[in-house]
Amino acid sequence: MNDPLLAFESVRREFVTRRGRIHAVDDISLAIEQGEILCLVGESGSGKTTMARMAAGLLRPTSGVVRYAGRDLSAMTKAETKTYRRAVQIVHQDPYASLNPVHTIGETLRAPLLHHHLVRGRRQADDRAAELLSQVELTPPENFLTKHPHQLSGGQRQRVSIARALALNPRIIIADEAVSMVDVSIRVSLLNTMLRLRDELGVTFLFITHDLAVVKYFAWEGNVGVMYVGNLVEYGRTPQVIGTPLHPYTRALIAAIPEADPDMTQAKEKLQLRSIEIPNLLALPTGCVFHPRCPLFVPGLCDSVAPVFMDVGEGRDVACHVVARERGRIAMDDAAGCAGERATA
Amino acid sequence: MLRDRVTSPTKTSPAGERLEEGIVLAVQDLWVEYRTRAGMMQAVRGVTFDVRAGESIALIGESGSGKSTLGLALLGLLARTARVAQGAARFRTKDGDTLNLLALHNEQMRRFRWQECAMVFQSALNALNPVLRVADHFQDTARAHGQREDARTRARAAELLRMVQLDPDRVLPAFPHELSGGMRQRVSIALGLLLEPQLLILDEPTTALDILTQRMIIDVIRALRQRLQFTMLFISHDLSLAAELADRVATMYAGQIVEIGPVREVFYAPKHPYTVGLLDAVPPIAGDEFTPLTSIPGSPPNLLDIPPGCPFHPRCRYATEICARQAPPLERVAEDHYTACFHHDQVDRNRPFAGGTQ
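Listed in order, the protein sequences are those of chains B and Y. According to the working numbering, the first sequence is numbered sequentially starting from 1. According to the working numbering, the second sequence is numbered sequentially starting from 1.
You can take every hint at face value.
For each label pair, taking beta carbons as the anchor points, the in silico distance ranges come out as:
{"no.": "1", "chain 1": "Y", "residue 1": "P173", "chain 2": "B", "residue 2": "R274", "range": "23 to 31 Å"}
{"no.": "2", "chain 1": "Y", "residue 1": "P297", "chain 2": "B", "residue 2": "D94", "range": "19 to 27 Å"}
{"no.": "3", "chain 1": "Y", "residue 1": "T207", "chain 2": "B", "residue 2": "L58", "range": "21 to 29 Å"}
{"no.": "4", "chain 1": "B", "residue 1": "D94", "chain 2": "Y", "residue 2": "F175", "range": "22 to 30 Å"}
{"no.": "5", "chain 1": "Y", "residue 1": "A223", "chain 2": "B", "residue 2": "T146", "range": "48 to 56 Å"}
{"no.": "6", "chain 1": "Y", "residue 1": "G39", "chain 2": "B", "residue 2": "T17", "range": "42 to 50 Å"}
{"no.": "7", "chain 1": "B", "residue 1": "E269", "chain 2": "Y", "residue 2": "A85", "range": "45 to 53 Å"}
{"no.": "8", "chain 1": "Y", "residue 1": "I322", "chain 2": "B", "residue 2": "A69", "range": "56 to 64 Å"}
{"no.": "9", "chain 1": "Y", "residue 1": "P307", "chain 2": "B", "residue 2": "M310", "range": "52 to 60 Å"}
{"no.": "10", "chain 1": "Y", "residue 1": "G39", "chain 2": "B", "residue 2": "L118", "range": "39 to 47 Å"}
{"no.": "11", "chain 1": "Y", "residue 1": "R325", "chain 2": "B", "residue 2": "E269", "range": "46 to 54 Å"}
{"no.": "12", "chain 1": "B", "residue 1": "L118", "chain 2": "Y", "residue 2": "T207", "range": "38 to 46 Å"}
{"no.": "13", "chain 1": "Y", "residue 1": "E21", "chain 2": "B", "residue 2": "T286", "range": "55 to 63 Å"}
Hints are computed from structural coordinates only; laboratory data are not their basis. Treat the numbers as computed from the prediction; the structure is a model and nothing was measured. Cβ coordinates follow ideal geometry from the N, Cα and C atoms, glycine included.
Work out the full structure, taking the sequences as your base and the hints as a guide.
Below, the structure is given as structure tokens:
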């Protein structure tokens, strides 16, 4: 069997700060197959950007392994690293900060082509740059090649960032909140462009966002992982996770999202959380990290034993004691007994 | 320079006259421009609207639509490089006087802010003084407006903080940086309401906050309005926030109001192609089907080089030759519903709403 294109295996990442140790990512295993879309969604502090940076090789996991096409990133030879760096490209959130303001769009796009010897000479570089701009629908390309970033709108700059990522014929694009700063009226066209690129070029996407409506649109044919303070709490096919969320955190998120429809949004049933405060990352709650806010909280269980991230049927994975019990995956008494043992031990 | 006058969607009398009861704020033909190295940039271009007592009105627009400049102009908080070129903004005070906001001198404006009208900004960290404890923000605001009884201020602050679901014992002695973004935003809202202003202006009150925190702020604002009955003007790029909180919605584009009407009218029977485009570009969370969405073609205009005629015409699928030549006036299309489009009778939003339920 083929290896997945990108895989996280029991990955943890800690950061040491002056005030203590932060577990940004706590034991996450995930895989993306070639040509797939995986969205990681979560609020601030969920660890989603840390995951993106580990996938891009910009951060090493504290423990666990990140693999690209089966190869451990930290054990790659120099040649392998070079291939991997070309194969994995990032599109950042802020199109105002990610393009060099003194370079023209043409220069920005030619540089990686020439550096990696993908083209011969300036003429070929120009042709390829024009082709890249057409691929991201900046047409006619001649109008853009000689422009500087400040002459473009935010949406156009983000298209240039995507074109630059495409320059090296990547196999994976990691998009970290790539549409969050773009105006509403053009956000969807950027998503449509990326979806078209995936269809036409077979590019795999690791898409990081805080916006579940964007996940639903972009990853309708893909998978979504929901993260909460460093933990993966739910994973599955996007239509299932968004249509019938299982984890109480996912349920709360979806119930909280306002819709652009007055009657519907005001009638929407909200899920009342027990607490609205996000836990302190330096002192995470015991047991399930979501228990202080969770409406399904079972005292004695959720606050003492961390739930196992497990398959609960129908291709759904969830880390929740109560959901596991409801879905008949685990007997509540066993879990409670286990908690009791641990407490007395 | 040729400025196309916009027919007034209001029943108010011309500038200078007293405002009738029931109108808190009347903005008339307001123009605001910024001096930039590249020339004069017109951010607000002939905006006219009323804010009615007790209502919640949303100004919706994208970056560069002029919505935030408009809010700042009303409170005399424009940057030095900006100036009001033309227009009037009149305010009916609690005791029935009419103030011309654009002609207030410093002392009058100082009193007007907080007592008559308070503003809550997007970034609550910048709005609060980092070296002052939360309690001191409340005390300073009260003292600056002549309230000397600290104990009473403290009691009122505690009451307001409880209304925004914060624990006064914990929050009052804290410095702003010790609070989360959502807590700071709620402190700003409570502080804004301290002197019982008639009008609360909120600029992007939920932007940059996490989803669950956004929900909290929305619910808090709704509960506060029910209890305290203040009038609210909020500015946002987020249509769903308007769907949650507005009684009336005004869509802004290139410094102008292009559509204004009751919230259900604007969402269910929009008559400006830009409003339709915005609504069609928002991915819904509800529904079991994938609906392909379309964006509005092109980009928002460069304010230094606004297209002639209707500023939306280069992006508009209904545009004809007249749209490039002449600016459409705001016209009445239904009860209390106005739009600035020559072709509004052709505009029909046929895509069903989120999840096809509407």
